[in-house]
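J.: Okay, here's what each chain looks like letter by letter:
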Amino acid sequence: MNISLSKQNNKKEKQLDTTSKDSRKSCILELKDVTKRFDGLIAVENASLVFSKGKITGLIGPNGAGKTTLFNLITGFLKPDTGTICFNNYTIDGLPPWRIAQLGIGKLFQDVRIFHKLTVLENVLLARKEQPGEKPFISLFRRRRAIDVEKMNIDEARNWIKFVELGEREDSLAEDLSYGQQKLLVIARLLAGGFEVLLLDEPTAGVNPRMIKSVLDVIKRMAQAGKTLVVIEHNMSVIAEISDWVYFMDDGKVITFGKPQEILEDPEVRKAYLGV
Amino acid sequence: MNYVLHLLIMICIYSILSLSLNLLVGYTGLLSLCHAAFYGIGAYVSALLMTKLGLNFFLALPVSVIISMLLSLLVAYPSLRFKGDYFILTALSFQIIIFSVLHNCAGFTGGPYGIPGIPKPHLFGFEFNSLPLFLLLSVILASLVFFVIYRISSSPFGRVLKAIREDELATLALGKKVAGFKIQAFMISGGIAAIAGGLYAGYITYIDPTSFTLDESIFILAIILVGGSGNIKGPIVGTVFMIILPEILKFLGIPDTIAPNVRQMIYGALLVLMMFIRQQGIAGEYKFE
Amino acid sequence: MILQLLANGLVTGCIYALVALGFGLIYNTTRIFHIAHGIVYTIAAYLLYTFVRGLGLSLVWSLLLAIILATILGIVTEVFIYYPFYRKKTSLSVVMIGSLGIYIFLVNLVAMLYGNETKILSPGAGKTFNFGSVILTKIQLAEILAFLVFFSIMVLLFKKTKLGKIIRALADNPNLVTVLGINIRWVRIYIFALGSFLAAVASCLVAMDVGMDPNVGMEVFLVSAVAVIVGGVGVFEGAVLGSFILAILQNLMVWKIPAKWQSALVFLILVFFLLFKPMGILGKRRRLEEA
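Protein chains in written order, with this note's numbering: chain Z, 1 to 276; chain S, 1 to 289; chain D, 1 to 291.
It should be emphasised that the hints constitute simulated quantities derived from the structure, not laboratory data.
All clues given are correct.
Residues on chain D that point at chain S, a partial pick, calculated with CB under 7 Å:
| hint | residue |
| --- | --- |
| 1 | Phe33 |
| 2 | Val94 |
| 3 | Gly98 |
| 4 | Gly101 |
| 5 | Asn108 |
| 6 | Met112 |
| 7 | Lys260 |
| 8 | Ala264 |
| 9 | Leu270 |
Calculated from the model, a selection of chain S residues having no Cβ within reach of chain D, i.e. all distances over 10 Å:
| hint | residue |
| --- | --- |
| 10 | Met1 |
| 11 | Lys52 |
| 12 | Leu70 |
| 13 | Leu136 |
| 14 | Lys233 |
In silico DSS-like cross-links for lysine-lysine, where the CA-CA straight-line distance does not exceed 27 Å:
| hint | chain 1 | residue 1 | chain 2 | residue 2 |
| --- | --- | --- | --- | --- |
| 15 | Z | Lys117 | Z | Lys162 |
| 16 | D | Lys138 | D | Lys119 |
| 17 | S | Lys177 | D | Lys277 |
| 18 | D | Lys89 | S | Lys83 |
| 19 | D | Lys88 | S | Lys83 |
| 20 | S | Lys233 | Z | Lys135 |
| 21 | Z | Lys151 | Z | Lys135 |
| 22 | S | Lys83 | Z | Lys79 |
| 23 | Z | Lys79 | S | Lys177 |
| 24 | D | Lys260 | S | Lys52 |
| 25 | Z | Lys117 | D | Lys89 |
| 26 | Z | Lys151 | S | Lys177 |
| 27 | Z | Lys79 | D | Lys277 |
| 28 | Z | Lys220 | Z | Lys53 |
| 29 | S | Lys83 | Z | Lys135 |
| 30 | D | Lys88 | Z | Lys117 |
| 31 | D | Lys127 | D | Lys138 |
| 32 | S | Lys233 | Z | Lys117 |
| 33 | Z | Lys117 | S | Lys177 |
| 34 | D | Lys277 | S | Lys83 |
| 35 | Z | Lys129 | Z | Lys79 |
| 36 | Z | Lys151 | S | Lys233 |
| 37 | Z | Lys253 | Z | Lys53 |
| 38 | Z | Lys135 | S | Lys177 |
| 39 | Z | Lys117 | S | Lys83 |
| 40 | Z | Lys213 | Z | Lys53 |
All values derive from a computational prediction rather than experimental measurement.
Heads up, the beta-carbon is just placed ideally off N, CA and C, and yes, glycines get one too.
Extracted from the complex, chain Z is given alone in its bound form (with noise of 0.2 Å):
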């Protein structure tokens, strides 16, 4: 794995040694501080989170919040004003949305943004790192080696398929699969993908109740197999199910965090969010 160190990465690095050494260890994506403006009107603002390897962190707050925005930062799509975004010690702030993505860091979007005339097998096939393929020259004159990658690729997306269960619809178009479904679609492409951070954005919106046990299935079982997951939920009994631990965000600030009953019967919490 190539990565691209800024010089300025071991000094941040001291810097950022604020955080006892126990949840270092397994810290694996941090934000310090990051503060995001869109013409006056500040989206995100000093906010500091640490998420840590094989937990679930849940996300919650209003409409609002910063919780997206804050999901954009850490993927690239957005730049913070200031502040640092580390990911396994290496500063990814400031680079570019496909860079992180090659560092490992996948993200669901709350608009699940399948690719609605690609097959399923495709569309999970494109998570995949390695593909030799994708460079023209090798697919026209060294065929060999991208058909060999090609076939293991198919293996491993067709695994991840049937983990989501949805064996059967390969060869479907994307935009045929029911809403669930096409959400269990967008797991299976982030399983394949090997990410190691998966940032899951409003996983069971829409989500039918038979479907949303299955996601949360998948979801616990991505955490025991070692992955970092944040989930932003409105759904508060998926939060208390599944998260190790929770942030409460509102305009824009991190209000509080905790472990989910703590947060959950906060009563700044249930005011804000709640309405009681």
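Please build the complex by placing chains S and D on the supplied structure of chain Z, with the hints as guidance.
T.: Relative to the frame of chain Z, chains S and D by itself:
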């Protein structure tokens, strides 16, 4: 009979043009209105190399392909920033500027009078100087292009292009450097169009700028939109249809003076009709969404 | 010499400005890349020719009829082509291709019926007027007058009438339509009527000045589209500003560079703006193409 051979040669040339443009339009989703510019660059560079430097056709052609690929970067880079209307305008600008250069730089390109006296292609003493022989050459080149486009579009590279067409942001989020793919698509598309240009130059033995106008770009685009975009048979269907159409008109007795206009009226009407009832064209699979 | 070139540029600018105002009116509010605007322009000229030379009608009547009919053509494209697309929520690329199809169909119809040669309404340049070292013909003065009159009317329309307010709101945010609960069918018809009217007026004046050929429409259309972008998308005055900048530059450059490079110049200017100032001179926010 000669006329049939001529038609078949034109079908080969336009197949090369439509297949290469389809890579941009049908696969990557970029509505490019400057394909005639690359066609012209290929024709002029080949013609100049053959007439001024006496280079053999089979050497001039690859050189014109490379130059076309390099020039395609002029459209490729600015277009990375824009989508939709702005991209169309960028490609349009390139078309108009290249045409102006071909038309106005008389010292270099012969201006409005073009370049006459282009030698027929020859290889080791063997000259493609008869229609059947030239058809053979055209078929060989067209098949080569078809093969290359087929390989490329059914490869993972083609898959990424389609993904870019469907959703650029999601493609980025999967770790694909979209800009790089777009640039490669442009270069391949422009380079292959140049092959058609060189072939045309060797065939007609005289080229002038009027063959490489905006109208021509629109015509090539229409071939794809009518015949079908996003797969490999659409452009071929479109090419055959659009080239044969005027012949059908002649058969129906429409006088030569207005036949070109009638033909264009038909494909103008077809474009509107297609956009209403069958956006993916006759045999295509991509509907512009 | 320079003054004369400047004056010529001003006159040409008036024509471009009328056409660009028309195109801008349509583009800013509906986001349709109305290529058929070019054929509305062309047909106005040929209608004028038909009435004056073919049917021998008086100039006044011919002008009235030509302009009204061309305007109706513009309305027809909206009612029968664009509005159905709008109802089906078709993508703008598709609509543009449809517009292109209309243009191709009609421009070839014109070429078929009238031939490709340049047609002139009346020979001779007509009366000329001297303004110091600058000479302008009667028609050129008429072109300037037409611009001043119609531009003023448009400004009044934008500021004082309800339609004008709706148009400005749409230019700011085309999606506002449904929220405001206005009758979008009729608003669009008015917009296309106004836009086509302006193009028709400009076309008839030019037809009286230098004549016409089937391709005039596309040439002027392209310049007007560039003018809208350069002047500023979403801002109607931008179309006017862009037009004058392009026209004056085009005419001034004749001094140093051969006239045959005029089209290339227009598009080089466009590329410059697209690269460095895509919002145009007066344009406000960047229209985010982020899907």
